[in-house]
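Residue numbers (the numbering used here), protein chains in the order written: chain A, 123 to 578; chain B, 123 to 578.
Careful: at least some of the hints might be erroneous.
No copy is singled out in the list; a pair is fine if it fits within one copy or between any two copies.
[Unchecked claim] The calculated lysine to aspartate or glutamate pairs, modelled on EDC-like cross-linking and capped at a C-alpha distance of 16 angstroms, are:
{"#": "1", "residue 1": "K397", "residue 2": "D334"}
{"#": "2", "residue 1": "K438", "residue 2": "E325"}
{"#": "3", "residue 1": "K143", "residue 2": "E227"}
{"#": "4", "residue 1": "K471", "residue 2": "E327"}
Just so you know, these hints were derived from the structure itself, not from any lab.
Number of protein chains: 2
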Amino acid sequence: MSSATNAFVELHEDRLLEELKQFLRIPSISAQPDHAADVKRAAEFVASSLRAAGVEHVQIIPTSGHPLVYGDWLHARGKPTVLCYGHYDVQPPDPLDEWVSPPFEPTVRNGNLYARGAADDKGQVYSQIKAVESLRAVSGELPVNLKFLIEGEEETGGESISKYVAENPAKLQADVALVSDTELYAEGIPTLCIGLRGLIYTEIEARGASRDLHSGMYGGVAPNPIFGLVELLSKMKDAKGHILIPGMYDDVRPPSPAEKHSWSILPFDEKEFLKNEVGSSRLTGEPGYSVFERTWARPTLEVHGIAGGYTAPGAKTVIPAKATAKVSMRMAPDQDPEKILAAYQQFVKENTPAGIEMQVRVLSASPAISVNPDHPAIRVAAKAFSDILERETVFIRSGGSIPIVGDFATHLKVPTILMGFGLPDDGLHSPNEKYKIANYYAGIMTIAHFFEQYGQ
Amino acid sequence: MSSATNAFVELHEDRLLEELKQFLRIPSISAQPDHAADVKRAAEFVASSLRAAGVEHVQIIPTSGHPLVYGDWLHARGKPTVLCYGHYDVQPPDPLDEWVSPPFEPTVRNGNLYARGAADDKGQVYSQIKAVESLRAVSGELPVNLKFLIEGEEETGGESISKYVAENPAKLQADVALVSDTELYAEGIPTLCIGLRGLIYTEIEARGASRDLHSGMYGGVAPNPIFGLVELLSKMKDAKGHILIPGMYDDVRPPSPAEKHSWSILPFDEKEFLKNEVGSSRLTGEPGYSVFERTWARPTLEVHGIAGGYTAPGAKTVIPAKATAKVSMRMAPDQDPEKILAAYQQFVKENTPAGIEMQVRVLSASPAISVNPDHPAIRVAAKAFSDILERETVFIRSGGSIPIVGDFATHLKVPTILMGFGLPDDGLHSPNEKYKIANYYAGIMTIAHFFEQYGQ
Chain A
123 MSSATNAFVE LHEDRLLEEL KQFLRIPSIS AQPDHAADVK RAAEFVASSL
173 RAAGVEHVQI IPTSGHPLVY GDWLHARGKP TVLCYGHYDV QPPDPLDEWV
223 SPPFEPTVRN GNLYARGAAD DKGQVYSQIK AVESLRAVSG ELPVNLKFLI
273 EGEEETGGES ISKYVAENPA KLQADVALVS DTELYAEGIP TLCIGLRGLI
323 YTEIEARGAS RDLHSGMYGG VAPNPIFGLV ELLSKMKDAK GHILIPGMYD
373 DVRPPSPAEK HSWSILPFDE KEFLKNEVGS SRLTGEPGYS VFERTWARPT
423 LEVHGIAGGY TAPGAKTVIP AKATAKVSMR MAPDQDPEKI LAAYQQFVKE
473 NTPAGIEMQV RVLSASPAIS VNPDHPAIRV AAKAFSDILE RETVFIRSGG
523 SIPIVGDFAT HLKVPTILMG FGLPDDGLHS PNEKYKIANY YAGIMTIAHF
573 FEQYGQ
Chain B
123 MSSATNAFVE LHEDRLLEEL KQFLRIPSIS AQPDHAADVK RAAEFVASSL
173 RAAGVEHVQI IPTSGHPLVY GDWLHARGKP TVLCYGHYDV QPPDPLDEWV
223 SPPFEPTVRN GNLYARGAAD DKGQVYSQIK AVESLRAVSG ELPVNLKFLI
273 EGEEETGGES ISKYVAENPA KLQADVALVS DTELYAEGIP TLCIGLRGLI
323 YTEIEARGAS RDLHSGMYGG VAPNPIFGLV ELLSKMKDAK GHILIPGMYD
373 DVRPPSPAEK HSWSILPFDE KEFLKNEVGS SRLTGEPGYS VFERTWARPT
423 LEVHGIAGGY TAPGAKTVIP AKATAKVSMR MAPDQDPEKI LAAYQQFVKE
473 NTPAGIEMQV RVLSASPAIS VNPDHPAIRV AAKAFSDILE RETVFIRSGG
523 SIPIVGDFAT HLKVPTILMG FGLPDDGLHS PNEKYKIANY YAGIMTIAHF
573 FEQYGQ
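Build out the structure end to end from the sequences listed, making use of the hints.
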């Protein structure tokens, strides 16, 4: 049957591309209020595409932000259920003058489709819908039960879907979730992401004097909250990147030897990575751990922003009354965010310099996610991916967080297959975002093939 | 003769006050371009007041900013020459709605004259001019030679006067400078400031990666310039306020035992100071040094501003490409700014974390100023002050810098008498700035008395 869906895709290549272009022409920029109508139009486009593919009970669900699109097809009796996720909103296209062709006029060059949202995530979510269409076209039915939940706020925080998942676990119940919003490790390498680091994100506010003071008059006796933050933060991590907060490494589950081995044979050139991706004079981080271990599997502590006092051009001799820093910690599997957060808050308390008051605000806290590569759905997905791209599937992790995966794990108790078809150089969030057209078709085929094999 | 000038002031109290009010009605806000004509009008007011007092060769000197006003009277053969300085520009009056009476409508309440610029510095510079007028009125001539150099850019950096002093040392040559722009230590206490700390003001820019990076993808390997600054700055000073840059205390000249003793008997309540002036939970700084020593006579290192990464509300997981900090050092007498700066730059170089590049920009560097209290002019000034306020003159220092004093020392090689008549609660730069009317008259009398005694 896989050859039948492949043949369907090959036969309808032009139409499939044209329809994706229609989707991409809608400037569904979720961050910009004057594009709210476009975001709604994109939701309607998704809903009609789902209906056209044969998905039932398609609903546009209003939220306090942008709408969710739900649909299902539940007639594969005795077969597992897959919850499909993607998003139809896009990043703002700025800076506009760096685009070779206009961001909302999809244009083909060198086998790529250039448009805002091409890879992130319209091209990918559309592959899911077109996989359903191709399966229905060749057999009239589907090999598994499917639920779709597609959001329009991914680029602005995804609050509505998070709330919806928490409030509707029965409606969304499934055996596995399929998220198509990631990328291949490299061109032509079928890739499943099976681990995401957890994230605690905080804001620390330091206060000293009750008002801004003149550093000539008060320098030497007045506490300086900028320096207070400097003292505190400098104690949190040493120069080698080792976090000094007690207990920070207690529960870290290291990657298995097999996983470490699989990382060691991934094509990777550290010099190229340093030069082309990071661009600093050298890489940093814990000695004795590889780049993959440091970015995928080790806890980190970063300061994302710091602000205080006078920062405009020139000199002002002020001792400011307050200063703030945004500080996050990434966590490895098995680390408990509550426990880490408690240790962090205790550390701040114990290391607050004299004369300074520190207040910690927690903006988010979510644990690491790891999916067992031996889970049946993952094994099937890996096989399907491998069949289509004709190369062995690699299992990687990501150092970032994808909040919806945590929501699915927490509220639905289902693992997520992160099966995406983007490429590292697709330019997500940048000018000239592209999606390789061959990967668009391969995505449709792979998803269809996964549904078929998972239904057997 | 002093009783004659006193009598003159007493006789003409009303007129002297009315004329100061006229001066204060001119909104000579140097920072606001739409007040440039008012600033010019204030310069013209100063020039005509000088002429009316009998000062000769009065000139309004154009600059690239606001004009200087020069004038002299050089007929006291064989007598010393005093260079008088003040400024006729004022701070912006915002926030306007906190003023009880309008800032440019001088209003008398409780023996105070309320107006923007009343104490800083129109009331004070006008005392100098009126002292000349009173001396000329009673004797037809002056007991010393006088030069006036009055600027209109003090509140915006004073660049033009600094350039003018550097370029015209012969024209401005004098035996001593008299700056009337400071305050009494407390109500009724004649006060001369005989020391100012030096100041080196720098900006450090830290750079890591060539672009902003996602902390999920790159956290653990990419250098973070915010943390780089944190590491560097934390090494510059310990928790007790002791600067750790080598050589930072090598040349510090401590106050003499006599000076320390004079400070120890100044009326001062540390608890009140903490509560009412600083408002933090406690004072900080080097143990074993008094508040006066820490703010007037010890080197300090402060971070005045810090900026980098994401600082708007909410969370963004960025490792920024750069971060900056404004860092200054205050210096004690005998410390050489060049030497301190070299040690500072060397320290930055040696303590720059791996993967980070630091660039230091020096915004200003000026040495501490100290005036020998046994200098004849200072002794005469102290005696004159003491005669008028009928209390012993105290010698204090200030932890801040007054750049014009450094310019006079550097380019004219003259010491400066900092003889001011403001009060600590005059509210300079704040709404409801005031000048005690009795201090306005006492200022005229004291300056006249000083000229008389210095001419003998």
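These are the hints, each one checked on the structure:
1. K397 x D334: Only across copies: K397 and D334 sit 14 angstroms apart there, 43 angstroms inside one copy, limit 16 angstroms.
2. K438 x E325: Between copies only: 11 angstroms across, 26 angstroms inside.
3. K143 x E227: within (8 angstroms within a copy, 68 angstroms between copies)
4. K471 x E327: within (12 angstroms within a copy, 30 angstroms between copies)
When each numbered hint is compared with the structure, no violation occurs for any of them.
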